[in-house]
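With chain A fixed as given, assemble chain B onto it according to the hints.
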Amino acid sequence: MTIDFNKPTGGPSPALDCSTIQSNFKRFSDALVINHIALNSFSAQGDHRNVIFTNQTDIPEVSKDSAILFSINATSNAGVNPQLFARIPKFLPNNIANSPMQLTYNTVNITGPNQYQSFLVGGYLIYFGRASGSADKSIPISQTITLATPPSKLLVAFAIPNTTAMTGSNFDQSIPYAAVITSGVNNKFDFVSNGYSNGPASLPYSFTWMAIGTV
Amino acid sequence: MAKEKTYDPNVPEKLSDALAVSQLALLANFQTMFSAFSRNHVALDSTDFGNHTIIELFEQLNAIETNVNEISIYTKFVKDQTEQVFFRYPGNGTEFQFTNYQIYTAKKNQFFTTLPGGFLCYFGSFKRFTPSAKVTKFNLDLLPVALKKICSIALCPTELIDANIAGGKTLNASTNPSAYPNDPTNGFISSINISRKLKLVGGNSPVTVPACNYFIIGKV
Numbered sequence: 001m002t003i004d005f006n007k008p009t010g011g012p013s014p015a016l017d018c019s020t021i022q023s024n025f026k027r028f029s030d031a032l033v034i035n036h037i038a039l040n041s042f043s044a045q046g047d048h049r050n051v052i053f054t055n056q057t058d059i060p061e062v063s064k065d066s067a068i069l070f071s072i073n074a075t076s077n078a079g080v081n082p083q084l085f086a087r088i089p090k091f092l093p094n095n096i097a098n099s100p101m102q103l104t105y106n107t108v109n110i111t112g113p114n115q116y117q118s119f120l121v122g123g124y125l126i127y128f129g130r131a132s133g134s135a136d137k138s139i140p141i142s143q144t145i146t147l148a149t150p151p152s153k154l155l156v157a158f159a160i161p162n163t164t165a166m167t168g169s170n171f172d173q174s175i176p177y178a179a180v181i182t183s184g185v186n187n188k189f190d191f192v193s194n195g196y197s198n199g200p201a202s203l204p205y206s207f208t209w210m211a212i213g214t215v
Numbered sequence: 216m217a218k219e220k221t222y223d224p225n226v227p228e229k230l231s232d233a234l235a236v237s238q239l240a241l242l243a244n245f246q247t248m249f250s251a252f253s254r255n256h257v258a259l260d261s262t263d264f265g266n267h268t269i270i271e272l273f274e275q276l277n278a279i280e281t282n283v284n285e286i287s288i289y290t291k292f293v294k295d296q297t298e299q300v301f302f303r304y305p306g307n308g309t310e311f312q313f314t315n316y317q318i319y320t321a322k323k324n325q326f327f328t329t330l331p332g333g334f335l336c337y338f339g340s341f342k343r344f345t346p347s348a349k350v351t352k353f354n355l356d357l358l359p360v361a362l363k364k365i366c367s368i369a370l371c372p373t374e375l376i377d378a379n380i381a382g383g384k385t386l387n388a389s390t391n392p393s394a395y396p397n398d399p400t401n402g403f404i405s406s407i408n409i410s411r412k413l414k415l416v417g418g419n420s421p422v423t424v425p426a427c428n429y430f431i432i433g434k435v
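Sequence order for the protein chains is A and B.
When you line the first sequence up against this note's numbering, it's residues 1 to 215, in that order.
When you line the second sequence up against this note's numbering, it's residues 216 to 435, in that order.
Since the hints were made in silico from the structure, they are not lab data.
Yeah, the Cβ is synthetic: ideal placement off N, Cα and C, and Gly gets one too.
Warning: the hint list may mix true and false statements.
Said to hold, decoys possible - Calculated lysine to aspartate or glutamate pairs in the EDC-like style (CA-CA distance at most 16 Å, straight line):
#, chain 1, residue 1, chain 2, residue 2
1, A, Lys-90, B, Asp-295
2, B, Lys-291, B, Glu-280
3, A, Lys-64, B, Glu-310
4, A, Lys-7, B, Asp-260
5, B, Lys-363, B, Asp-295
6, A, Lys-90, A, Glu-61
7, B, Lys-291, B, Glu-271
8, A, Lys-90, B, Glu-274
9, A, Lys-90, B, Glu-271
10, B, Lys-294, B, Glu-274
11, A, Lys-64, B, Glu-274
12, B, Lys-363, B, Glu-310
13, B, Lys-294, A, Asp-65
14, A, Lys-64, B, Asp-295
15, B, Lys-342, B, Glu-374
16, A, Lys-26, B, Asp-260
17, A, Lys-26, A, Asp-4
18, B, Lys-323, B, Glu-374
19, B, Lys-291, B, Glu-274
20, B, Lys-322, B, Glu-280
21, B, Lys-291, A, Asp-4
22, B, Lys-364, B, Glu-310
23, B, Lys-434, B, Asp-260
24, A, Lys-90, A, Asp-65
25, B, Lys-342, B, Glu-310
26, B, Lys-342, B, Asp-356
27, B, Lys-291, B, Asp-260
What the hints assert, rightly or not - Covered stretches of chain B (in silico footprint by chain A; criterion: 3 or more residues with CB under 8 Å from a CB of chain A, positions within the stretch not fixed):
#, region
28, 242 to 248
29, 262 to 270
The following block holds chain A by itself, in its conformation from the complex:
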């Protein structure tokens, strides 16, 4: 039985509506125990145990003096999935609408070992890792990084050499480098380098890298 707002009636005996009143109280108790500490607990009754969001179909309004969290479908390269959003009450700067900000994404990659992936507030994916190889003297280095979880659009990529080259002047020098995004290719970028111009015929190289794309 669901809740009944017409009970109790004004009859002379509580027994007439006893079961309905009990049912109403049970409904409150049953509802509150979902996501919350139950009413008949010894302490902390009413506190949240967890929060399950029912997916929203429209963006909720936010009022002054509050901020809201909610779930709504969001489109990404992984399809359309519910994601957690935050909305703050007014906008900074003042001429910008206070649109909801996506806080989550479907996947992370924490196993590596050479590529990891997480997400950033606002609907961004961040990738980072390490790549290595062996370079022949005077032959440019070029290696492609393929992002295991493709973004909708690759925005920036970075590559930083971790190895140095021994030059003829007898001092170490970072090998020249660049990270290159090919226009229209959203799951790959190259890091390139002029390589070693001095030193032994072949040397190992190592780069750490990072990339950011839209979900």
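Relative to the frame of chain A, chain B by itself:
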């Protein structure tokens, strides 16, 4: 006198009352609990009642106290900002600000996001800059103008260019541009100054700045 129809935990008032005496108060209580629960929750008269629809966090004046087995999430007003979402770790542990700015597309080729703790990250790309005798450096504008402190600047060229310099020498492409924040205006840092120089006898020589991607972290 008719009872006001708001929640009243003290009904029925007397054990000897007939139900008619407390009926309106009881009805009001049920209605109030129903209405209150309907805020942020699937309503009690729905089949899937109980779960949250949204969570609306009203501004708190102070950090919420947490026991050893609790994490708290709440909203506080932040000076010069607005109501922002905060976390606090168990046992009245560390409190940190989770949200801190309205994210939007600031301009073409520049994006930004937030990090917990009140940090903003700007990232994007700029094109090759060739200095002239009069203009030896350029300013990379940071939008929105919100940073009070620059914490980190990372540049990565997206092209390999050597710079020919006087005397037939070559500045190797590995020579990174230099970058440093410009002075604040009204307390906010609005741009980064970028140049690339080679130190020569008799002074510094500005050379071409390659196109770069950048990642900048600052404190709001």
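Each hint tested on the structure:
1. A:Lys-90 - B:Asp-295: Answer holds: Lys-90 (chain A) to Asp-295 (chain B) is near 12 Å, not above 16 Å.
2. B:Lys-291 - B:Glu-280: Judged against 16 Å, a Cα distance of about 14 Å means the pair holds.
3. A:Lys-64 - B:Glu-310: Roughly 23 Å between the alpha carbons, so the hint for Lys-64 (chain A) and Glu-310 (chain B) is violated.
4. A:Lys-7 - B:Asp-260: The given pair, whose Cα atoms are some 15 Å apart, holds under the 16 Å limit.
5. B:Lys-363 - B:Asp-295: holds (12 Å)
6. A:Lys-90 - A:Glu-61: holds (11 Å)
7. B:Lys-291 - B:Glu-271: holds (12 Å)
8. A:Lys-90 - B:Glu-274: Roughly 13 Å separates the two Cα atoms, so the pair holds.
9. A:Lys-90 - B:Glu-271: Judged against 16 Å, a Cα distance of about 14 Å means the pair holds.
10. B:Lys-294 - B:Glu-274: Within the cut-off at roughly 13 Å; holds.
11. A:Lys-64 - B:Glu-274: holds (9 Å)
12. B:Lys-363 - B:Glu-310: Measuring from Cα to Cα gives roughly 21 Å; hence the hint is violated.
13. B:Lys-294 - A:Asp-65: Holds. Lys-294 (chain B) to Asp-65 (chain A) sits at ~13 Å (cutoff 16 Å).
14. A:Lys-64 - B:Asp-295: holds (15 Å)
15. B:Lys-342 - B:Glu-374: holds (10 Å)
16. A:Lys-26 - B:Asp-260: Since the Cα atoms of Lys-26 (chain A) and Asp-260 (chain B) sit roughly 13 Å apart, the hinted pair holds (cutoff 16 Å).
17. A:Lys-26 - A:Asp-4: holds (12 Å)
18. B:Lys-323 - B:Glu-374: violated (20 Å)
19. B:Lys-291 - B:Glu-274: Between Lys-291 (chain B) and Glu-274 (chain B) the Cα gap is close to 5 Å, so the pair holds against 16 Å.
20. B:Lys-322 - B:Glu-280: violated (41 Å)
21. B:Lys-291 - A:Asp-4: violated (38 Å)
22. B:Lys-364 - B:Glu-310: With a Cα-Cα distance of about 21 Å, the restraint between Lys-364 (chain B) and Glu-310 (chain B) is violated, given a limit of 16 Å.
23. B:Lys-434 - B:Asp-260: violated (47 Å)
24. A:Lys-90 - A:Asp-65: Given pair Lys-90 (chain A), Asp-65 (chain A) holds - Cα atoms ~9 Å apart, limit 16 Å.
25. B:Lys-342 - B:Glu-310: violated (41 Å)
26. B:Lys-342 - B:Asp-356: holds (13 Å)
27. B:Lys-291 - B:Asp-260: violated (33 Å)
28. 242 to 248: n = 4 at 8 Å, threshold three: holds.
29. 262 to 270: That given contact holds, which follows from 8 residues of the region 262 to 270 of chain B lying within Cβ reach (below 8 Å) of chain A.
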